[in-house]
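Student: Protein chains in written order, with my numbering: chain A, 154 to 452; chain B, 5 to 246.
Just so you know, the hints here were simulated from the structure itself, not pulled from any lab data. For glycine and all other residues, C-beta sits at the position ideal for the given N, C-alpha and C. Treat the hints loosely; a few may be bogus.
Keeping only pairs whose Cα atoms sit at most 20 Å apart, straight-line, the calculated SDA-like set for lysine to any residue is [said to hold, decoys possible]:
1. B/Lys177 x B/Leu140
2. B/Lys74 x B/Asp88
3. B/Lys74 x B/Thr48
4. B/Lys177 x B/Arg207
5. B/Lys74 x A/Pro385
6. B/Lys74 x A/Gly382
7. B/Lys74 x A/Glu389
8. B/Lys74 x A/Asp387
9. B/Lys177 x B/Ala243
10. B/Lys177 x B/Ala117
11. B/Lys177 x B/Ser126
12. B/Lys74 x A/Val388
According to the in silico footprint, chain A covers these stretches of chain B (three or more CB under 8 Å from chain A) [claimed, not checked]:
13. 87–93
14. 215–221
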Amino acid sequence: MRIISAPALLLACCAAIACGDFYSGYGWCLAAGALLALGGGYAIVHARLLDALGRWRFGWCGALPVGRGATASTLLLVTAAALLVSLAFATALLLGVSVSAPHRADLAYALAGIDLALVVGTAAAAGRAFRAGARVHHADGIRESLFALPWLNDPRLPHLLDWQRRATLVQWRRGGSFVMVGVVLAGVPDGPSLPMVVALVLLVLSWSWLAVAMRASADAAAAAVRLLGATPLDVECARMASLRYPAAAALCAVVSMIAGAILAGHGAIALAWAACAVAVSAWPLFCIFRATRRPEGPA
Amino acid sequence: MTTLLHATDLRVAYGDACVLDGIDLEIARGEFVALIGPNGAGKTTLLHAIAGTAPLCGGNVDIAGYDLAKAPRAAKQAIGLAIDPPGLPVLLTGRECLALFAGARGLPAIPPAALALGETLSLTSVLDRRIDSYSLGMRQKLGIMLGLIGEPPMLLLDEPFNGLDPRSALAFKTHLDALIRQGDTSVLLATHSLDIAERHATRVVLLMDGRVRRSWDAAELAAMREQPERSLETAMAEASGA
Numbered sequence: 154m155r156i157i158s159a160p161a162l163l164l165a166c167c168a169a170i171a172c173g174d175f176y177s178g179y180g181w182c183l184a185a186g187a188l189l190a191l192g193g194g195y196a197i198v199h200a201r202l203l204d205a206l207g208r209w210r211f212g213w214c215g216a217l218p219v220g221r222g223a224t225a226s227t228l229l230l231v232t233a234a235a236l237l238v239s240l241a242f243a244t245a246l247l248l249g250v251s252v253s254a255p256h257r258a259d260l261a262y263a264l265a266g267i268d269l270a271l272v273v274g275t276a277a278a279a280g281r282a283f284r285a286g287a288r289v290h291h292a293d294g295i296r297e298s299l300f301a302l303p304w305l306n307d308p309r310l311p312h313l314l315d316w317q318r319r320a321t322l323v324q325w326r327r328g329g330s331f332v333m334v335g336v337v338l339a340g341v342p343d344g345p346s347l348p349m350v351v352a353l354v355l356l357v358l359s360w361s362w363l364a365v366a367m368r369a370s371a372d373a374a375a376a377a378v379r380l381l382g383a384t385p386l387d388v389e390c391a392r393m394a395s396l397r398y399p400a401a402a403a404l405c406a407v408v409s410m411i412a413g414a415i416l417a418g419h420g421a422i423a424l425a426w427a428a429c430a431v432a433v434s435a436w437p438l439f440c441i442f443r444a445t446r447r448p449e450g451p452a
Numbered sequence: 005m006t007t008l009l010h011a012t013d014l015r016v017a018y019g020d021a022c023v024l025d026g027i028d029l030e031i032a033r034g035e036f037v038a039l040i041g042p043n044g045a046g047k048t049t050l051l052h053a054i055a056g057t058a059p060l061c062g063g064n065v066d067i068a069g070y071d072l073a074k075a076p077r078a079a080k081q082a083i084g085l086a087i088d089p090p091g092l093p094v095l096l097t098g099r100e101c102l103a104l105f106a107g108a109r110g111l112p113a114i115p116p117a118a119l120a121l122g123e124t125l126s127l128t129s130v131l132d133r134r135i136d137s138y139s140l141g142m143r144q145k146l147g148i149m150l151g152l153i154g155e156p157p158m159l160l161l162d163e164p165f166n167g168l169d170p171r172s173a174l175a176f177k178t179h180l181d182a183l184i185r186q187g188d189t190s191v192l193l194a195t196h197s198l199d200i201a202e203r204h205a206t207r208v209v210l211l212m213d214g215r216v217r218r219s220w221d222a223a224e225l226a227a228m229r230e231q232p233e234r235s236l237e238t239a240m241a242e243a244s245g246a
């Protein structure tokens, strides 16, 4: 579900934008939709291909007598198949959306723009991922944050915060949560003035980063609880320690979103939207509560 | 000797497969019990059932006088389970991981004894490196240190000598022997190394198909050591019906 939902949501956003009339002119909408399809296609394919290449070359199957050419051609075949599915899905969506769209006469342009953007984005991602070659195992990038936050660490469960932070960094540098870009673009109406562009960037980056931070933090917290399962860990303490980093991340994201909302000049609506964005992104926190509610002993 | 671990009628099943089928086990303070048996006999599951990390279908575990189901924190304070190398958090350094475990045990910092064990196992020089750069042996040593942190009286070790170089393996065996001699610590070791079981254990338990098939006490093990024609290997084969 997690594999399919992000690309599907992204393509739905592309179709909605490309057929809509949000940005004072159809040309802007088409450009935004195509740009989103290009970037989204790139981010999704690049992250998955790097992951697959890493597994093929350095995972358990790396020792199997499978040639690099065979690996590359198999992955290219899978990528091409995924691209075809994406194109079919995007085309079906565009056809569906265009029934009630204000510019349905220009459907051909929308089809060409989105489909071409998907092909270019996928091809660029595949080219870059394959060029990475032997360096693919370093794809996780630098895992150290720019600055330390020792005061934020819970002394009762030290370095859990560092674990969550590094997991967030790894996820972010692998492609983050690009699907949020589409949701934001689809949600902001009207003219692309400079403050609006800056506001969009702030909103998109904040929400995207927050979604990654929440997901990675929840996963790291669940892994920590499993790891410490045989210790006399205080569950309440674990829960509070697990929530420190997501709470700090949410605070930073909200500040950035408020700045974006003020710049966008849509005050109350934008703030309400930001609140909704945070609420939606924060759902993995419930996973933290679930993970830290492990049974106290054998059932 | 006082009883440290008392497990009765332990039952664990994964789906329809019954892995532990009514295990009774009692370990006294200062005892070194080796758990042997073929693959799939339930050795690892038994260790996890005692540690509270495997769901029980039935039975009861009592550690240092505390019921694991009713007072899990008090019971777990008395046990130390060595962590499997694949389960270690690769995004942390060895020292950060030790600090995390120390915190989970309610300790203010990494105890000097844990750092001394790291020195004994020649791991000190890499403690500030990320775990993802560790070799299998280094991960095994760190897993052992995490199990022994805070000096819990009941140590649960699952094949801890896998991947250890001979020098470190000897150092760890010596360390375990010293702990046993002091009389406060007990060890439950799951292993396929029959020579370790024969030489170091005070009791050996053979597990087969989720049940205790046979056990050998200290006197029987001493007799095996003195008579070259008798060995745990042949005794195990006989008990297994091979």
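Student: All hints are to be evaluated individually against the structure, with a verdict given for each.
Tutor: Results for each hint:
{"no.": "1", "hint": "B/Lys177 x B/Leu140", "in the structure": "18 Å, holds"}
{"no.": "2", "hint": "B/Lys74 x B/Asp88", "in the structure": "27 Å, violated"}
{"no.": "3", "hint": "B/Lys74 x B/Thr48", "in the structure": "23 Å, violated"}
{"no.": "4", "hint": "B/Lys177 x B/Arg207", "in the structure": "16 Å, holds"}
{"no.": "5", "hint": "B/Lys74 x A/Pro385", "in the structure": "13 Å, holds"}
{"no.": "6", "hint": "B/Lys74 x A/Gly382", "in the structure": "16 Å, holds"}
{"no.": "7", "hint": "B/Lys74 x A/Glu389", "in the structure": "17 Å, holds"}
{"no.": "8", "hint": "B/Lys74 x A/Asp387", "in the structure": "15 Å, holds"}
{"no.": "9", "hint": "B/Lys177 x B/Ala243", "in the structure": "27 Å, violated"}
{"no.": "10", "hint": "B/Lys177 x B/Ala117", "in the structure": "16 Å, holds"}
{"no.": "11", "hint": "B/Lys177 x B/Ser126", "in the structure": "14 Å, holds"}
{"no.": "12", "hint": "B/Lys74 x A/Val388", "in the structure": "15 Å, holds"}
{"no.": "13", "hint": "87–93", "in the structure": "holds (count 4)"}
{"no.": "14", "hint": "215–221", "in the structure": "violated (count 0)"}
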